[in-house]
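A.B. asks: For reference, the chains in residue letters:
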Amino acid sequence: MESLFKKFKADRLSPEELARFRDELNRMSDDDIQELINRAYGNATDTPDDTITEERLTAMKRIIDIRNGHKPTHVRIPRYLLRISAAAAILIVAAGIYFYIQSARFGEYRQALVRENVISVQRGERATAILPDGTTVTLSGNSSISYSLSCFNSHSRRVSLSGNALFNVTRDDNAPFFISAADDLEVKVLGTLFFLSTHSIRHSSQLYLERGAVQIYSPKLKHNIDLAPHQLITFNTSDGSYTITDVANITESEARLRGDIIASSEPISEVASRLSMLYDRRFDIRPRVADDYFTGYLPGDNLEDVINILGHSYKVTVHENSDTISIDL
Amino acid sequence: MSELRNGSYKAFDAIYHLYAKRLYHYVYQGTRSSRDAEEIVQDVFVNLWKYRTSLDDSKSLSSLLFTVAKRYRINALKAIVNSPVYEDYVTHQHELLHHDSSPIEYNQFIDQVRRAMSTLSDAQRRVVQMSRFEQLSHNEIATILNINVRTVANLLSAGLKRLKIELDKYPETLIIILLMV
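Protein chains in written order, with this note's numbering: chain A, 359 to 687; chain B, 47 to 227.
There could be a bad hint or two in this list.
[Said to hold, decoys possible] With a Cα cut of at most 35 Å, we get these calculated DSBU-like pairs of lysine-lysine:
#	chain 1	residue 1	chain 2	residue 2
1	A	Lys-580	B	Lys-210
2	B	Lys-207	A	Lys-419
3	A	Lys-546	B	Lys-105
4	A	Lys-580	B	Lys-116
5	B	Lys-56	B	Lys-116
6	B	Lys-116	A	Lys-673
7	A	Lys-546	B	Lys-124
8	B	Lys-105	A	Lys-578
9	B	Lys-210	A	Lys-364
10	A	Lys-580	B	Lys-96
11	A	Lys-419	B	Lys-116
12	A	Lys-365	B	Lys-56
13	A	Lys-578	B	Lys-207
14	B	Lys-56	A	Lys-364
15	A	Lys-419	B	Lys-96
16	B	Lys-67	A	Lys-367
17	A	Lys-419	B	Lys-105
18	B	Lys-96	A	Lys-367
19	B	Lys-207	A	Lys-367
20	B	Lys-124	A	Lys-673
21	A	Lys-365	B	Lys-67
22	B	Lys-207	A	Lys-365
23	B	Lys-116	A	Lys-367
24	B	Lys-116	A	Lys-546
[To be verified] Which bits of chain B does chain A cover? Going by a derived footprint, with three or more residues having C-beta under 8 Å, they are:
#	stretch
25	63-77
26	90-103
27	122-128
28	151-158
29	164-175
30	194-208
Quick caveat, the hints were computed from the structure, so don't treat them as lab data.
Even glycine gets a Cβ: it sits at the ideal position worked out from N, Cα and C.
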C-alpha cells in the first residue's frame, strides 16, 4: 500500500495499480489512511509538492473575506464612499422602521406577511442585506431586491432581483431558493455563492458561480441550464441564446464576485456606458479612432481606482468634475 | 485566539497569514489538485470564522486547524481516487508514457480537460460534466435532462471521443509554444 501511495504521490500509478489502490483505500479506516499519508510525508509540511504563490494566497483570502461577509478596510476610504454607505444604512434603517411602524399600526401578522419588502441602492452605491433565512445579498449599482415574508417558508424561498447582486445563499436542501429576474428568467439555487447581473433594457444577464450549483430557467429555453462551479454564463433573455465559459484563473473569479467591469476587447464606448451605469457620472471618453478597444478589469466600487487605471493605461490626464469624467485618448 | 472569539477580524487575518500556506501544503498531499486544495483551505477558514465563538480554549489553534484539515485531507484522497476524472488521467498518463511522451501533472491535465470541454457541443458538455465531474449514473442524467438513457450514452461516448482527440493534440501544441519562445 505504501508503494502504491508513493506512486500516487509521483503521478505514476498505472490503471491496474489505481484499481488496486482504490479498492484498498476504500477498505481502510480513516485512521489508517491518516497514518499512510503521514508515513509517506513524514509529519513535515515544509517539503511541499506544490508551492502556492503569495498572489494566490492573497486572492484566496479575498474570497474568504467575501464569503465571511467581511469588507476589506481600505487604507484611505474616499469620502464619497462613506457618504454612500451612510446613505445606504439610513435607507435600510428607514425601511426597517417604516416596516415596523406599518406592521405595528395594522397590528396584523397577515399584513406583514404579504407586504413586499424592497431594498434598493442607487447608482454608485453598494449595500449588504441579510434575508430572513440568513442569506446575504450585496447589491451594487442601481439595483433592487424585493421579497415578502410569506415567500420564505419550509418549501421554498423566493425573491425578485433587478440589477446586480452577490448572493451567498444559506444551504437548505428542502427549501430551494428562487430568484426571478428580468424577462421571466429564473434561477434555482440550493446553497451557493454567485454573482448575478441582469439588464432588462439590454436583455442580457450574467451569472458567475463560485461554488455550489444553480439551475437557470427561462421561457426562451427548451431545457434548464445547469451551471458548475467556476463557470460564467452570459444569457440573452430576448432570444434564449447563451454562452458558458470556464473561469480558470482565481484573479478573475475574484473580480467576477466583486462585480467588477471585465472587458476583453470591448469598444471603449461600451465600457464608458457601463461605468456611467455603476457610478452615476457621465463618462465622456473621446477615442482617437472610432473603434478603440479596452481589455482589463475596472473595480465596480472605487471611482478613484477607475480613474487611475484609465489614466495609466492610456497615459493621459483624466478631468473630473462633479458630474462628468472626461478623457481624451 | 481569545481576540478571534471576541470577533476581531484583525486576529483572523493574522491567523490566515500564519497558517494558510502550511494548511495548503498539508491538504495538497491528499488531493494532487491545487484547485481542490484551495477550496478546502477556504472552507477551513470560513468555518473558523463562522464558529469562532464556540472555539475550544483548551486546544491550541494549530492543533485545531490541523484536526479539521486532517478530515478534509482524508476525504479529499478518497474522493480523488474514486473520481472518474482521475481515472481518465491515469489512463491518459499511461498512454503518454507508452508513447515516450513526457508525463504531465494532474493539475495540467485538469486544465487541459477544461479547455477541451469548451470545444464540445452544449449537450455533450452537460452530459460529460454530470457523468465525469458530478459522478451521476446514466439513469440519473437521463431523468434530470429528461432524455433517453440511450441518448445519454451516445452523447457521452461522442463527447469523450472528442475530448480524447483534443487532449492528444496538446503535447504538440506544447512543443510549438516552446519553439516559439
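A.B. asks: A separate judgement is required for each hint: does it hold in the structure or not?
C.D. replies: Checked hints:
1. Lys-580/A with Lys-210/B: Given that 35 Å is the threshold and the Cα spacing comes to 29 Å, the pair holds.
2. Lys-207/B with Lys-419/A: This hinted pair is violated, its Cα atoms lying about 39 Å apart.
3. Lys-546/A with Lys-105/B: Between Lys-546/A and Lys-105/B the Cα gap is close to 41 Å, so the pair fails against 35 Å, i.e. violated.
4. Lys-580/A with Lys-116/B: 45 Å, violated
5. Lys-56/B with Lys-116/B: It holds: about 26 Å lies between the C-alpha atoms, which stays within 35 Å.
6. Lys-116/B with Lys-673/A: 51 Å, violated
7. Lys-546/A with Lys-124/B: Holds, at roughly 30 Å.
8. Lys-105/B with Lys-578/A: With Cα atoms ~56 Å apart, Lys-105/B and Lys-578/A exceed 35 Å; violated.
9. Lys-210/B with Lys-364/A: 27 Å, holds
10. Lys-580/A with Lys-96/B: Violated, at about 40 Å.
11. Lys-419/A with Lys-116/B: 21 Å, holds
12. Lys-365/A with Lys-56/B: 42 Å, violated
13. Lys-578/A with Lys-207/B: Holds, at about 31 Å.
14. Lys-56/B with Lys-364/A: 40 Å, violated
15. Lys-419/A with Lys-96/B: Since the Cα atoms of Lys-419/A and Lys-96/B sit roughly 15 Å apart, the hinted pair holds (cutoff 35 Å).
16. Lys-67/B with Lys-367/A: Between Lys-67/B and Lys-367/A the Cα gap is close to 19 Å, so the pair holds against 35 Å.
17. Lys-419/A with Lys-105/B: At roughly 24 Å apart (the allowed maximum being 35 Å), Lys-105/B and Lys-419/A satisfy the hint.
18. Lys-96/B with Lys-367/A: Holds, because 33 Å separates the two Cα atoms, which is no more than 35 Å.
19. Lys-207/B with Lys-367/A: 28 Å, holds
20. Lys-124/B with Lys-673/A: Since the Cα atoms of Lys-124/B and Lys-673/A sit roughly 53 Å apart, the hinted pair is violated (cutoff 35 Å).
21. Lys-365/A with Lys-67/B: 25 Å, holds
22. Lys-207/B with Lys-365/A: 28 Å, holds
23. Lys-116/B with Lys-367/A: 17 Å, holds
24. Lys-116/B with Lys-546/A: 33 Å, holds
25. 63-77: holds (count 9)
26. 90-103: holds (count 4)
27. 122-128: holds (count 4)
28. 151-158: Answer holds; 4 residues pass the 8 Å Cβ test.
29. 164-175: holds (count 5)
30. 194-208: violated (count 0)
This entry does not satisfy hints 2, 3, 4, 6, 8, 10, 12, 14, 20, 30, going by the numbered hints stated previously.
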